[in-house]
Amino acid sequence: MDVVLSHIVKRFGPLAANDDVSVRFAPGTIHGILGENGAGKSTLMRVLCGVLAPDGGEITVGGSAYARLNPEAAGSLGIGMLSQDPLDFPPLCVWENFALGGGPVLSRGQATARLAAVCARMGFVLPPDGPVARLTVAERQQLELARLFDRDVRLLILDEPTTGISPAQKEALFAVLRAFVADGERVVALVTHKLAEARELCDTVSVLRQGRLVGSFAAPLSTPAILASMFGSQAACAAATPPPRPDPVTEAEALVVVENAVIADEKVVLEPLSVAIRPGEIVGVAGISGGGQEVFLRGLAGIAPVVAGRLSVAGRELAGRPLTRFLDAAVHYLPASRMEEGLFPGLSLLDHVRLAFPEQRDAARTIFTERCVGRFRLTNQPDSRAARLSGGNQQRLLLSLVPDDTRLLLADNPTRGLDAASIAQIWDHFRERAAGGAAVVFFSEDLDELLDHAGRVLVFYSRALVADLRSGTYDAACVGDLMTGRVAAGEVRP
Amino acid sequence: MTRRASPLVRAGFSLALAVAVTLAIVAAAGAPPIDTLAVMAEGGLGSGQAWLRTLSALVPLLLCGAALCVTFAANLWNIGVEGQITMGSVFCLWFLRVAGLSGLLPAPLAVAGSLAAAMVGGLLWALLSGVLRTYGRVHEIFSGLGLNFVAMGVSLWLILGFWKRPGMASMSGTEPLPAELWLPALGGRPMSLVGLVLAVAAFGLVAFVLNRTFFGLALSAVRQNVVAAERLGLRPKRRMLAAMALGGALAGLAGGILVAGLYHRLIPSISGNYGYTAIMAVLLASGSLRFLPLACLFFAVLTVGSIQLPLALSLDSSLAGVVQGVLVLTLFAARRLWPAGTTGSRGGGA
Amino acid sequence: MSFEYLTALIAAVLFAAAPLILAALGETISERAGVINLSLDGTVLFAAMAAFAAARATNDPWLGLAAGGLAGAGIAAILGLFGLILGASELAVGFVLTLFCRELAYFMGHAQARQPGPDLGALNLPGLSDIPLIGPALFRQSPVVLLSLVAVGLVWLFLMRTRAGLVVRAVGESPLAATARGIAVTRVQFLCCLAGGALAGLAGGLYSLSVKPGWGHPQGCEGAGWIALAIVIFGGWKPVRVALGALFFAAIQVAGIALQDVLPGLSGTLFQIAPFPVMILTLLVVNLRRSAAFREAARRVPVLGRLVPRTAGGAPGAIVGALDKGF
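Protein sequences appear in the order of chains W, G and A. Note that the working numbering gives residue 230 to position 235 of the first sequence, counting from 1, and the numbers run on in steps of one. Note that the working numbering gives residue 851 to position 23 of the second sequence, counting from 1, and the numbers run on in steps of one. Note that the working numbering gives residue 962 to position 300 of the third sequence, counting from 1, and the numbers run on in steps of one.
Just so you know, the hints here were simulated from the structure itself, not pulled from any lab data. Careful, some of the hints might be misleading.
Claimed, not checked - Below, in silico cross-link-like pairs of lysine to aspartate or glutamate (DMTMM-like), each with a Cα-Cα straight-line distance of 25 Å or less:
1) A/900 x W/261
2) A/874 x A/781
3) W/165 x W/198
4) W/189 x W/31
5) W/189 x W/134
6) G/992 x A/923
7) W/165 x W/80
8) G/1065 x W/260
9) G/1065 x W/335
10) W/262 x G/1058
11) G/1065 x W/354
12) G/1065 x W/336
13) W/165 x W/145
14) W/165 x W/31
15) W/165 x W/134
16) W/189 x W/447
17) G/1065 x W/261
18) G/1065 x W/323
19) G/1065 x W/312
20) A/900 x W/124
Please read all numbers here as calculations on a predicted model, not as lab measurements.
Isolated chain W (complex conformation) (with noise of 0.2 Å):
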């Protein structure tokens, strides 16, 4: 099927997330839509699925125009998306997910016939009766793979698949991707920021920066060429090699002090975990959805209560109290919702240095020039509201509220969903901390990125830390087995 976007244009506000971007999707091919986060990579491809109406442009599948497209219609025309978090009804069971497979509704008799015939096609195990929050990422993404293919879809959509899986799943899911368009029909659009991905898979590829398509390449596809294009010419310097890692620090008093400790999330407990983390460290957790990892996290944060065992931060116990102890001790939390967790949409930035810093408070508008502004480049207006901030803004909001004196820095994806140059200054900052002597722990979806900044890594996998591992000792695919549960600790080459 030849699927082609030209000259397509869609605005938020005075923002053009698409700016005049043309595309041709060639029939039996893969083709990767490459980007920084905040391209409009998503944006384009929400157009294409319906979801969103474009400004300008059209859209012209096998030969007839169309000046937009709803859900509906995408659909009949075989075009389906499997989007970066499964879009699915997890209370519901398996067959019933699939049978509201976006045509009529399947009866269950159906259903379940058409879903054990679609996964032995493609080699899927997915019993159709327990409820989908049941089942891990990989096995969401088959099911969504599933109910697309039992619909014969011609042109599949994929966003972002390779967040939350390990590198062995990411390996099937190509396999099966390289599968569907071998008839010389049917065509891939992956979608991703990841050049690595793209190479590996694709057979040509569309760059957008800013909302505009600013490259095409076909394969063989040359690394600088495409960075460049991503980047721009400086950037890509600077995004090319990636920072020195950090070395593993052995000597110094332990700061946090955890002993058997049992986390129990509103939703998760974690089996009694013991680890030990000094000042000057930066520890990647590391773990796929369900792994526990986060709950880990939320764990020496105070938000998650220990309910038995020990955790201590700089000598005060801290187990079962409170979170406002935990404050006390010194201990901040980055969430990775920043809006949904951190902030309060209608207040203004000062409001938020008022309420960080009360104490302070008839200073705020000092504290937000000299901070804020100068040390954290943040570039809005005191008055305005945070609603308005953009993704990097936030984050930089976030950061500059965290006290100067804190002791252990927890984040939970810092770097989701934001542009280059913020990422790089988190990094920056991360290591400005943990060099003044605080210890720095985050979970990154992105294993190349947890793996480049971490100086040590915890591994969590079936709501147990499952291996803790000094930086030098390891390499992304045996994080991956650790991640899940395809080797257990004991089995790692040293």
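Chain W is already provided as a structure; the job is to place chains G and A on it using the hints.
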């Protein structure tokens, strides 16, 4: 249409639509529409007496409206205002019986103390709702509503049992208090100037607390994002309880003024729907303290005016509530049809 | 306790529960689709008035009941118009509607107050009503009991066993995912809101035409809608459990009346308000039981811990935390 004009346009649209719908409802009930409105206006504004009655209805409405502004500022649906008024009046009468009737305290002190007791009564009743919300995960809509019924039961039980009139229990209330235990009246009418002064003062206090203090800023933080407030160490549960306590104390004060200043006894359903009417007034003013007094005054006129309906036209006095409901609904519609631009970031705008 | 007394007790509980069951089932359908209809109490009261007035005008109680259902659907349509189409806060509109409908019911029903009117009477199905215990309780009794029990089965069947019910549940769990799969979310939600309102309206009709016959100010069913709203939470949004919850509250009401005979010293009003503190207590118990802290503590108890579910059952995804968002 400019952005500045839109509040006026909205108000005009909703008022016109509300009048039209009300007239249709009145006509549907088989009553003369224009005469009905005339009776209500006359009853609420037509004479000096009517004005005094309206002002005496305005006092509890203002107090409850201020109470609701505090709790809405913390994102709490304080539906239990009715019960808090009732418990305020129960505590007030209890104090007057213990300290005033017995001669334990001189009359003025007993009256002042009874108002303080009323505030404590409302505060405790509201805290019960607040604790159920913050520590028991029971939403304050359910606890507040349930406690309204319970408070009504308690007052009935006292009226018909413990505090019944000598010889006979009566639904007309407890034995009236002696005149020296009344709040000073205005112009010989059952309208207490002290109550009005207290209500205005309470209103000013709430405006100051919400707009000028750190507590007010913390409350709006809790309303905006309770998770973020918790993470910043703002202790949202305590802030919510404090907001409930302040709101409850104001509602309780309203109950105290109803006993000491208006009825001079405890009667069944003493809260007289003021709690619910105040919620409507706050919704009509969209949580803005600036427009609230006007909304309260308007609703006080409606409430007092409708009392004449059963006698004059043999209609049910609940027409006041009907008009209030229609007005708030049409305003909701107008607000969605002509959405406003940016609203204030703190204190008010809900 | 004699056998006859027990039979009478069961019959009384089923009778008192019938309108609660219908109202709570209506709210269950509505909330399962992701619409919280907070106007339930006003809906029940207004529909009770409308049903009684229509029954008097037509002299047919069944036509009156139908009018009650229509009135309920009408109020739900207002909620749907404001909440789903205009995009106003469902909760604020629902709450205003509940106050508005109550006042409107008293105002419009002024002429009907304390007037005689038709009621739904009683069944006496030969044969079936001779079955011991349940015969008299179900078949020699007001038809509303059978009606409510049949409704439980139908609603369960609809939600859990039909394709349309699957679509409703999917919409309530994730409107976003449903939209992506081409489901007309707003239409489904509007229809469920209407159906829920109609059931609540029928509940009002059951009150004024059978359970508490007649109209007045007060009518006697004030507060029932709030109880029904709490029952939906208590029953975990599952039709059969919701019905059991309604029976539980009806049993409390009946027990109050029965105790009044035994303990005449206590005032009748106290028994009238008894369901409300019980409502708060049940919500307290249910919500604490669903909390993580409780589950974690309970799991540490030997043997008993195994009975505690590992995950929290709970509200449909679309309305989780909706009450905490404010207006």
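Straight-line Cα separation of residue 189 of chain W and residue 447 of chain W no greater than 25 Å? holds, 14 Å
For a C-alpha distance cap of 25 Å, please report whether residue 874 of chain A and residue 781 of chain A respect it. holds, 10 Å
Hey, residue 165 of chain W versus residue 198 of chain W, does the alpha-carbon distance stay inside 25 Å? Holds, at roughly 18 Å.
Please verify whether residue 1065 of chain G and residue 323 of chain W have alpha carbons no more than 25 Å apart. holds, 18 Å
Check the hint pairing residue 992 of chain G with residue 923 of chain A against an upper bound of 25 Å on the C-alpha distance. holds, 23 Å
Would the pair residue 165 of chain W and residue 145 of chain W pass a check requiring their Cα atoms to be no farther apart than 25 Å? holds, 22 Å
Quickly compare the C-alpha distance for residue 262 of chain W and residue 1058 of chain G to 25 Å and report which way the hint goes. Measuring from Cα to Cα gives roughly 19 Å; hence the hint holds.
Is it true that the CA of residue 1065 of chain G sits at most 25 Å from the CA of residue 312 of chain W? holds, 24 Å
Does the structure keep residue 900 of chain A and residue 124 of chain W at a Cα separation of 25 Å or less? Answer holds: residue 900 of chain A to residue 124 of chain W is near 19 Å, not above 25 Å.
Hinted pair, alpha-carbon criterion (25 Å max): residue 1065 of chain G, residue 261 of chain W. Please report holds or violated. holds, 18 Å
Below or equal to 25 Å on CA atoms is what counts here, so check residue 165 of chain W against residue 31 of chain W. holds, 20 Å
Does residue 260 of chain W lie within 25 Å of residue 1065 of chain G when you go C-alpha to C-alpha? With a Cα-Cα distance of about 19 Å, the restraint between residue 1065 of chain G and residue 260 of chain W holds, given a limit of 25 Å.
Checked against the numbered hints above, the structure breaks none of them.
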